[in-house]
Amino acid sequence: MKFFDVNTFIGMPTCRMYGALKDAEGLLASMKVSGISEAVVWHISQQDGFPLDGNLLLSEEIRGKKCLCGCWTILPPQTREVVSKGFFKRMKKDGIFFLRAFPAKHNYLLNAAVFGDFFEELSERKVPLMLSLERGVSWDNIYSLMSEFPKLTCIVCDIGVWGQDRRLWPLLEKYRNLMVETSLLSLGEFMLEATVEEFGAERIVFGTGFPSHAHQAAMLQLVHAEISEKDKQKIASRNIERVIGRISL
Amino acid sequence: MKTLRQKFFENPAVKDCPIYDMHGHMGPFYGAHFPIPDIDSMVRRMRRAGVKLLAFCHHASLFGGGDGNRGNIDAVRKYPKDLKAYCGVNPNYPEEIRKMLGSYDKYRDVFIGFKMLADYHGIAITDAKFAPVWEFADANGLLVLIHTWGNSPCNGQDHVRAIAEKYHNVKINIGHSCHGEWDKAVGLVNTFPNLYLDLCAVLDDRGVLEKFVKEAGADKILFGTDFPWFDYHWCTGAVIGADITDKDRRKIFYGNAEKLIKIVGA
Chain U
2 MKFFDVNTFI GMPTCRMYGA LKDAEGLLAS MKVSGISEAV VWHISQQDGF PLDGNLLLSE
62 EIRGKKCLCG CWTILPPQTR EVVSKGFFKR MKKDGIFFLR AFPAKHNYLL NAAVFGDFFE
122 ELSERKVPLM LSLERGVSWD NIYSLMSEFP KLTCIVCDIG VWGQDRRLWP LLEKYRNLMV
182 ETSLLSLGEF MLEATVEEFG AERIVFGTGF PSHAHQAAML QLVHAEISEK DKQKIASRNI
242 ERVIGRISL
Chain D
-16 MKTLRQKFFE NPAVKDCPIY DMHGHMGPFY GAHFPIPDID SMVRRMRRAG VKLLAFCHHA
44 SLFGGGDGNR GNIDAVRKYP KDLKAYCGVN PNYPEEIRKM LGSYDKYRDV FIGFKMLADY
104 HGIAITDAKF APVWEFADAN GLLVLIHTWG NSPCNGQDHV RAIAEKYHNV KINIGHSCHG
164 EWDKAVGLVN TFPNLYLDLC AVLDDRGVLE KFVKEAGADK ILFGTDFPWF DYHWCTGAVI
224 GADITDKDRR KIFYGNAEKL IKIVGA
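Here the protein sequences line up with chains U and D, keeping their order.
Every number in our numbering is 1 more than the matching position in the first sequence, counting from 1.
Residue 113 in our numbering sits at position 130 of the second sequence, with consecutive numbering throughout.
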């Protein structure tokens, strides 16, 4: 089975974390041992440091590494710190196909007043916005954002260690472009299987949360999940390849 | 010879590496949707993942005004080879605890010991209301699973230490290993031989298991999942992915639990 991990990061967090990886070389070595072919990666400095500096660090780290796909951090377009003229061209040049937002940490609101035109353009270009429940995005944020931008391609990450079906399933039901990654969905007993049964495998993309979580946790769960082999392959890599194939930069 | 990593990826269950889950639950829960929390589905999923024994405490015996330990008793008597229960105790109802201790011998086939969930019940494990349970468990050499969390006001590392200093015969499974206060948890098991580290809700923090093995030794670690909260393959995968030896993994998956179960006479 080919694994494409959509949820990994590199860099040393400000607060001590066991098993943190300094750079992309370390990530590639771990991926090789674990049997993961490709990954979407971001740099912890995009969250803990100044986002633009973090974005540039990431671009340097992944340059020339074809199995790593980049994910930058955004800030409100009005300040032009990150999002400014030529932003999408720079994304394309640096191999960046995904974006992340950390509204709590970076002190802004994730709504139409702040991101109106920009998120309309993201929706048109089908650039996925990754929103992490463990990194300062709330369920309320996601519900209000999706109600304002229902066509936005959004990947909900790190959904938490308690079963979140009561919060996640209404979103999956209502917004067709909303997807969920597996790092903590898979942690819930039978949650992956139940979500596939309710909404189909197409709405789920494989992620590990590495290096916070071991690669093998989400991998082993998917390998032995009680769903069809075809659905496993979709989740493991095909769905995210389809998402990337639709992006227009 | 194949490694455990190879074996676990080839098959959902590995025959020569059974799993003993020493921290589980059962039944639906108010705060989360569990797709299949019923006894029959749980046992089917356990067997599929190669789980030989689950030591659990039914949610209904810990939360709400339901049927006490009836869920524990019925489940173990239906699946006596697969299940052992921790008798749930709620210190807010000392009269119920007294009654339960009085009838404990009738359920020796069911119970492996007790479960304390002090954070949720709002009374510290060191409170006098828990004392009859500690004394009973200590006198009978039983196993007690305590929910713990780093710096908790009811079941933090200092409470565990106070209990361990007082009771030496009871075996204590430190549920969640004083989550976040990993150094303190290691210090506790290195000081008191009757204490064990629990991996439930620890395995989602990569690197902590390696620390436990290095600093406390694999002999002091018990596998736990909160099942049906957490998926067996996710949790076994986290152990498989840790940078420890297969010999250590076998101790964690089954070796330590088998020894402990013999010691507590369950």
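Treat each hint with caution, since some may be false.
As the list claims (entries may be wrong) - Here are the simulated PhoX-like pairs of lysine-lysine, each with C-alpha atoms no more than 25 Å apart in a straight line:
hint	chain 1	residue 1	chain 2	residue 2
1	D	167	U	231
2	U	90	U	152
3	D	194	U	33
4	D	167	D	194
5	D	-2	D	167
6	U	23	D	194
Bear in mind the hints are in silico, worked out from the structure with no lab data behind them.
Structure-based check of all given hints:
1. D:167 - U:231: violated, 46 Å
2. U:90 - U:152: holds, 22 Å
3. D:194 - U:33: Judged against 25 Å, a Cα distance of about 23 Å means the pair holds.
4. D:167 - D:194: Judged against 25 Å, a Cα distance of about 12 Å means the pair holds.
5. D:-2 - D:167: violated, 35 Å
6. U:23 - D:194: Given pair residue 23 of chain U, residue 194 of chain D holds - Cα atoms ~19 Å apart, limit 25 Å.
Hint violations for this structure: numbers 1, 5, all remaining hints satisfied.
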